[in-house]
Amino acid sequence: MIKDITLGQYYPAESVIHRLDPRVKLVVTLLFIISLFVVDNIPGYALAFLFLAFWCGLSRVPLRFMLRGMRTIFFLLLMTVVFNLFLTPGTPLVSFWKLTITREGLRIALLMAVRLVFLIVGSSVMTFTTTPNHLTDALEALMRPLKRLGAPVHEIAMMMSIALRFIPILMEETDKIMKAQMARGADFESGGLIRRARSLVPLLVPLFISAFRRANDLALAMEARCYHGGEGRTRMIPLTYHARDRIAYGLLLLYLILAVVIGRDIFGLAAAIGGLPV
Amino acid sequence: MILRFDHVNYVYDADGGQPVHALSDIDLTIGEGEFIGLIGHTGSGKSTLIQHADGLLKPVSGRILADGEDIWEEKFDRKALRARVGLVFQYPEHQLFEEDILSDVCYGPMNLGCSAEEARERAVSALRQVGIGEDLFGQSPFDLSGGQKRRTAIAGVLAMQPEILILDEPTAGLDPRGRDEILALARTLHEERNITVVLVSHSMEDIARFAKRLLVLGDGRLVFDGPTGEVFSHRAELEEMGLEIPRPQRLLEALKEHGFPEIGTGAYTAEEAARLILRELEKR
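If you're matching them up, the sequences are chains A and B in order. Quick note: the first sequence uses the working numbering, first residue 1, plus one each step. Quick note: the second sequence uses the working numbering, first residue 1001, plus one each step.
Check the hints yourself; a few may be wrong.
One side of the interface only, derived from the structure: several residues of chain B facing chain A at Cβ under 8 angstroms [as the list claims (entries may be wrong)]:
| hint | residue |
| --- | --- |
| 1 | Gln1051 |
| 2 | His1094 |
| 3 | Asn1111 |
| 4 | Gly1133 |
| 5 | Leu1136 |
| 6 | Phe1137 |
| 7 | Met1160 |
| 8 | Phe1210 |
For the record, the hints were derived by calculation from the structure and aren't laboratory data. Beta carbons: idealized from backbone N, C-alpha and C, even for Gly.
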């Protein structure tokens, strides 16, 4: 049940994407997401699809893994589609009972769905191919300019990596406590809302206590190894750009230019060719 | 109650990336009034096995029978099973949650549908059995010492009045005194109340002292199942699995190799080994 959440899970494999510098992956993901909101026509989405397919293909993460993450956002997707489909004013296309599907609604609903799916798949490639530690390293490196403004960049990155590290530990702990209480006759599934909420107390109290205990132990262990924050701290594996990273940046730039040119139809090409669907 | 494992298989992450075969074709019977030791290396499937006994995990194939009834039949009442099979997890004190000890121990009986009064009665008697005095009943479980916390948690399971008590590494992390208290408790429950006890432990000495029958798991398979002495006579096989025979027996075998060829080696508790050594010395 808990194991179904694949969003944000590392998938070990040997691929170019796995070897890319995490900063590159973070920048690619961010700009790709932004590009999805810049393009607003079908050729633009086709381009985004090509880019995404290329990106996914290189990562060697099985497609079913990526799609498994979709299950968690299925309802969000469904709601978006339904609301856009029925609530967008415009030229009526089909209408039954009190509901009307408009041409504009259909278009927006479809584009929104595609946009969401691309967004999730695009960002899951990053989390599938990058360990949480690399990811926070990249975040720290990219946020470094904010340090001048007095932001505790290193501390934020450290907190994030600890939080990420603790997710599987706490899930395991939850499973263990749940079983222990079930062995004492606990029932987490039946009863009304209030009864069910109350039945969580024997789960949550031990979970919180264990989280505090672990946090305490970790703090002690870090202090025992003389951790004192980011000042003057060097890295065991410093982040350095390689040729493949530069190529990736180049391809990203090319994609972005094309996305703006095609996706926004800057030169009016679509109109010139004679009314490609917009 | 007689609990039977009928060719049980279990696979973790059956539909995911890397399936792990945690239990392979486990076939065994836990009879009434037995004291069974369960040993095996980390990851050998001990925890998985005992969770099956309590109906917390469902076998991928095979059946688990409680007095002949399949516990995964649709009509079977697994909650009632969990009362009859008391499972004490590793570090059971981590599951304490109530404001005072007495209410925490009442949690199990209350879940079984006992009245508040009966739950209280059962809790008081369970706490007495584990040696927690009445003066502590109103205290927060978090203010107790490590050994007291563990005994309170065990009382939480005993209050459900199980017929089979499964203890998973009940002495882990306790000082020698706490350890002795827990083991003495297991023995008393077995001898005076005729409760079936299954003791999971890393300590061969503890197992040797108490268990009459020994189960050895290796890589999810039941490698040995027999009287404790007989299982410990398979020294080479056990050591190959990363398990050691009890120290007294090792001492006797070393003596046999180094100048006492006559000495018996069939003893696995310190007392028996001492007797054999004395007998050998008297001969000289």
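Do the hints match the structure? See the list:
Hint status for B:Gln1051: holds, given a least beta-carbon distance of 7 angstroms to chain A, under 8 angstroms. A hinted interface residue such as B:His1094 counts as satisfied when its beta carbon comes closer than 8 angstroms to some beta carbon of chain A; here the least separation is about 6 angstroms, so the hint holds. Taking 8 angstroms as the C-beta cut-off, the interface hint given for B:Asn1111 holds, the closest approach to chain A being about 3 angstroms. Using the Cβ-Cβ criterion of 8 angstroms, the hint placing B:Gly1133 at the interface with chain A is not satisfied: the shortest such distance is roughly 23 angstroms.
Hint on B:Leu1136 is violated. Least Cβ distance to chain A is approximately 19 angstroms, over the 8 angstroms limit. Annotation: B:Phe1137 was flagged as interfacial toward chain A, and the flag is violated, the nearest CB pair being 18 angstroms apart, outside 8 angstroms. The beta carbon of B:Met1160 is positioned within 8 angstroms of a beta carbon in chain A (closest approach about 7 angstroms), and the interface hint is therefore held. Checking B:Phe1210 against chain A by beta carbon gives a least distance of about 22 angstroms; that is not within 8 angstroms, so the hint is violated.
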